[in-house]
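Asker: Chains A and B supply the protein sequences, listed in that same order.
Take the first sequence: its position 220, counting from 1, is numbered 220 in my numbering, and each next residue is one higher.
Take the second sequence: its position 305, counting from 1, is numbered 305 in my numbering, and each next residue is one higher.
If you are wondering where the hints come from, they were derived from the structure by calculation, not from laboratory data.
There could be a bad hint or two in this list.
Intra- or inter-copy, both count: the list cannot distinguish identical chains.
[Stated by the list, open to error] Each computed SDA-like pair below joins lysine to any residue, with the alpha-carbon atoms no more than 20 Å apart: (1) K85 - E179; (2) K153 - R297; (3) K153 - S300; (4) K45 - R151.
Keep in mind that this is a model prediction, so the values were computed, not measured.
Protein chains: 2
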Amino acid sequence: MNAARRINKKIAIAGSTGLVGRTMLKILEERRYVFDEIRLFASEKSSGSTQQYLGTNLLVETLGEDSFNGIDFVLFSAGGGASRKFAPIAAKKGCIVIDNSSAWRMEPDVPLVVPEVNPKAAAGHKGIIANPNCSTIQLVVAMKPIHDEFRLKRLIISTYQSISGAGQKGIDRLMNEIENPRGLDETAPIAFNTGFHPFEGDEGFTVEEIKMKNEIRKIFGTDDLNIAVTCVRLPILGGHAESINFETREPFDVGDLRHLIDKNPNVVLMDDTENNIYPTPKIAGDTDLVYAGRIRRDDSAENAGYIWVVADNLRKGAATNAVQILELLIEKDYTKFNSI
Amino acid sequence: MNAARRINKKIAIAGSTGLVGRTMLKILEERRYVFDEIRLFASEKSSGSTQQYLGTNLLVETLGEDSFNGIDFVLFSAGGGASRKFAPIAAKKGCIVIDNSSAWRMEPDVPLVVPEVNPKAAAGHKGIIANPNCSTIQLVVAMKPIHDEFRLKRLIISTYQSISGAGQKGIDRLMNEIENPRGLDETAPIAFNTGFHPFEGDEGFTVEEIKMKNEIRKIFGTDDLNIAVTCVRLPILGGHAESINFETREPFDVGDLRHLIDKNPNVVLMDDTENNIYPTPKIAGDTDLVYAGRIRRDDSAENAGYIWVVADNLRKGAATNAVQILELLIEKDYTKFNSI
């Protein structure tokens, strides 16, 4: 166990009783951060309950306009509506919002940050920093060294996503369907089936697919990366996997590519198919790392290859990345800002 | 219920007690075929048991060299080893083998047939006709009209495959893991996880991926179709889904493409995302059709698009297709042959 680490800041978690909010609190606790103050906010329904942090009981309060008075940082995971409403209020009060919703991600003034990938983007924030979508984060972490070295030209992505992306209610529904097979009579069960995220717009894409396309380009800071993506929800409790086919502008050697991945401290290379070694959601579960394997040459196009990328969607895909943004802001002292 | 249909042929099922063999018998029964004789063969272990067919009990006999005496057709699903050994013996005795294993699929003298796609290939058989891999069949059925009209140039496939592809033992293992979560302690559970088929060769591909690449080209009769494929096994009891990105040589209109799919009697178009209508393994289950949806333009490459294809892997992906080959041979009288 790490020794406790003192941080002279006041922090809050908004949406602390949700699946991501609980994981945020757990990750801060694992890292044994002792803050000057830590406050928890949720909807009125959860108000008055308590959550443990390093052996003490913290009271959950109702999220409101006054929640941010005197708070330095708020980790926000209370849904897009709450983020849209409260993030500017918090920022105006001098509180830096690290927002896990999609509400602010594509705003030009809001940095979209994965600390291992584009830390400098955080420098110019105006009080709101967006945490990317889970499936975006693991992809950009794995592909960053490939992009830097060989310049990505096109990504064709099919995802294999855990139902925990739908929150505790998604997990409860899956387990309920498994325990009560009659629930499977409905047309779109989660158990033993595939599903899609909600659709948006008239071109047949889901919100998740649109997020991935936009966010990958914003994080890599490029407009000329072509992205094709199909996102699929599966009866998996935790962990997202991605089947990624990529094309680069520069020719690459598969061995060099494996070496690049292997020397990336943020990625665990598990790529020895002769010995059945490859990443799975089970292996990535409860860790903060991104796993890569099944790296192969694809001879069906020029400079093309395959990679299989897995991570815990609630941790590196959400809560851990938000905590890492907090750590980055404190370490680099990116704490002064002009509010939006 | 259909009326019984008399077919003056003697048929056998080899491997009748396995998951595919049982489904073959069930499909013949659903179609109410009354044959001059129907015999069931399996390994010695199952010998002496009985299986029902249209209200009568059929005895399961041990598969051996004499099993094919006087038999016109054998539907073979007893594993690659048994097919390699017994198919030539059967063919020499004048018995036509419709083989569900991968043993003979890539032999130049052996037609690889999906009746809706390449029926004429069956004409020149030499006593052995191969039934393609489950994931191949549903893809070629859905893509055939697109290939005919716009010429496929490249396919980038990621599959979502049911564990029933591993037979009854795959299903039993999944259900056992779900009921006994301690089984999940192992590193590669099926439940709540992703998995891969066995690996083959030193380029990191699985046997399933290699089959798909080779078989699609053989069925379409083309060498200049580029194929990239990643096959994934999932905790789904029945039904395979495929996320397919395609590029054509001729430009297409998405509306035309939907129309082509819709008028194909072998494919059910379910593509109305605004009303949450798309195919799933649950919907395709226990049917003999191929389902297609999520047809979209992909602006990340020239003449590119997406399609999501689903079918029941034990039925259209295996047993139904074998029965349809049998029907084709009888209907077209492709019954004379010179044995290999």
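Asker: Now, for every hint given, state plainly whether the structure supports it.
Answerer: Going through the hints against the structure:
no., hint, in the structure
1, K85 - E179, "neither (39 Å within a copy, 44 Å between copies)"
2, K153 - R297, "both (15 Å within a copy, 18 Å between copies)"
3, K153 - S300, "both (15 Å within a copy, 9 Å between copies)"
4, K45 - R151, "neither (49 Å within a copy, 58 Å between copies)"
Checked against the numbered hints above, the structure violates hints 1 and 4; every other hint is satisfied.
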